[in-house]
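*Asks:* Listed below, chain by chain, are the residues.
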Amino acid sequence: MAERPRTYTAEGVILRRRNIGEADSIFTVYSDREGKFDAVARGVRKTRSKMRGHLEPLMRSRFLIAKGRTLDVFAQAETVHHYRVVREDLDRAATALYCAELVDRFTVERAPQEGLYSLLLGVLDALEDGCGIAVARYFEVQLLALTGYDLALEACALCGSPLPAEETLLSPSAGGLVCRLCRPRAEGGRLLSLRAVKVLRYARRETLDAFAAVAVSPELDGELRTGLALMLRHTLERDLSATRFVEDVRRLPAAHPPPSPGGSVE
Amino acid sequence: MAEGAGTPEPIARLIEAFHRLPGIGPKSAQRLAYHILRVSPQEAEALATAIRDVKERIRFCSVCLNITDADPCAYCTDARRDGSVICVVEQALDIMAVERAGGFRGRYHVLHGVLNPIDGVGPEDLHIKELLVRLGDGEVREVIMATNPSLEGEATAMYIHRLVGPLGVRVTRLARGLPSGADLEYTDDLTLSRAFEGRQEL
Ligand SMILES: [Zn+2]
Ligand SMILES: [Zn+2]
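Here the protein sequences line up with chains A and B, keeping their order. Quick note: the first sequence uses my numbering, first residue 1, plus one each step. Quick note: the second sequence uses my numbering, first residue 1, plus one each step.
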């Protein structure tokens, strides 16, 4: 090999894994300083690999990375937080993976988005600390704001007139809420109850802690979820793969005794 | 791959075929192809026949989805094996690992993959329906989830646990702890904390 490879350190959350060859995996990481990047971990699927267990999707880890010609290579990895509660609860894991896919889809390589890393960590921490999966709605609203697709929620997205306290249309093509008069021009969307409109505004204005303290019923969450899903699909011009999984999990029978680690989960 | 214009077409084709195999880089593909060129016609024919037979004679067991040349497979027809316990694995190769370890005398079920939500691999892409059919007759008392302790393997185990729960079948998970030969210093916190919970009397 020619010259000595340069190395750098990074801390980030692992968004996804792709296995290649016999024992290697490529991990997509979102990190504070580097933004999104791919790197390969050689031999990580072997039992004896020192990095195995430190490199798993939905882990927050610190890395030492060697610059490669085509792909960077993990030289060391150490877990900062393994989000065990999240990974051992199917609803939480599905929601966290959904958020991870959103980060992946809304970013380009090596272009860090101000505030996105702490948003991702905030939502993972909240899920780990027992918050309901409705925190994903907070994540969606804030993600859109951070990436330049801020929703118009305080005034009509089309004419700017104030919005009365009533059922209001959330329109993807308009980029937010639309008044009654502008509805014909809004090209579809989802009609949101006043309560849902208020939760959206709250998600946009407040901190994650404040949002997490609000009880969002499954019905209300469903209303917001479908409305925001339209916005996200319009923005990304594609469906998210993890959405289907979140739906699959939602349709499962309720978790009766949660699976206990290491032993019987009868 | 840059095969020179001088490389005869059949060799170039063989190199290309080897190169598509997992873990085979361009250099290894070349070495393998030139090796085949040097072996006896009988040896080359045996390799070709073995490959053809695998494709023609090997199929999935209609019960457990193991790869087999007889349907149902040997594990499913062996009367000495315990039909009340099913060990669920990600891939057929995992059966060999469990068999090598010894000690398990029940039957198997091969999912042929794990859930991978971001890559779009969902429950309907795995052989879960066939597992539910097997649980329908009331003979099975326990399902052992032997998927890998990865995020994807765990999610698959939890998914099946939730799905099977209402059927009243006991669902267990392989213990997750330190692999033998592991070095505590390099062991990740998750594995270590699980190993502590799964500790046993000496
Ligand atoms: Zn208007
Ligand atoms: Zn079989």
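By construction, these hints were calculated from the structure, which means they are not laboratory data. Glycine included, every Cβ here is placed at the ideal spot set by N, Cα and C. Possibly wrong hints are sitting among the right ones.
[Claimed, not checked] Derived SDA-like pairs: lysine to any residue, alpha-carbon spacing no greater than 25 Å straight-line:
1) A:Lys67 <-> B:Lys27
2) A:Lys46 <-> B:Ala50
3) A:Lys46 <-> B:Asn148
4) B:Lys55 <-> B:His19
5) A:Lys67 <-> B:Leu202
6) A:Lys46 <-> A:Asp91
[Stated by the list, open to error] Residues of chain B placed beyond 12 Å of chain A at every Cβ, according to the derived structure:
7) Leu32
8) Glu139
9) Ala157
10) Asp183
*Asks:* For every hint, state whether the structure bears it out.
*Replies:* A quick look at each hint next to the structure:
1. A:Lys67 <-> B:Lys27: With a Cα-Cα distance of about 23 Å, the restraint between Lys67 of chain A and Lys27 of chain B holds, given a limit of 25 Å.
2. A:Lys46 <-> B:Ala50: Judged against 25 Å, a Cα distance of about 29 Å means the pair is violated.
3. A:Lys46 <-> B:Asn148: holds, 12 Å
4. B:Lys55 <-> B:His19: Satisfied, since the Cα-Cα distance of roughly 19 Å is no more than 25 Å.
5. A:Lys67 <-> B:Leu202: With a Cα-Cα distance of about 47 Å, the restraint between Lys67 of chain A and Leu202 of chain B is violated, given a limit of 25 Å.
6. A:Lys46 <-> A:Asp91: The given pair, whose Cα atoms are some 29 Å apart, is violated under the 25 Å limit.
7. Leu32: For Leu32 of chain B, whose nearest Cβ neighbour in chain A is about 16 Å away, the distance exceeds 12 Å, so it holds.
8. Glu139: Holds: least Cβ distance 18 Å, greater than 12 Å.
9. Ala157: Non-interface label fails for Ala157 of chain B: nearest chain A Cβ at 7 Å, not farther than 12 Å.
10. Asp183: Violated, since 7 Å does not exceed 12 Å.
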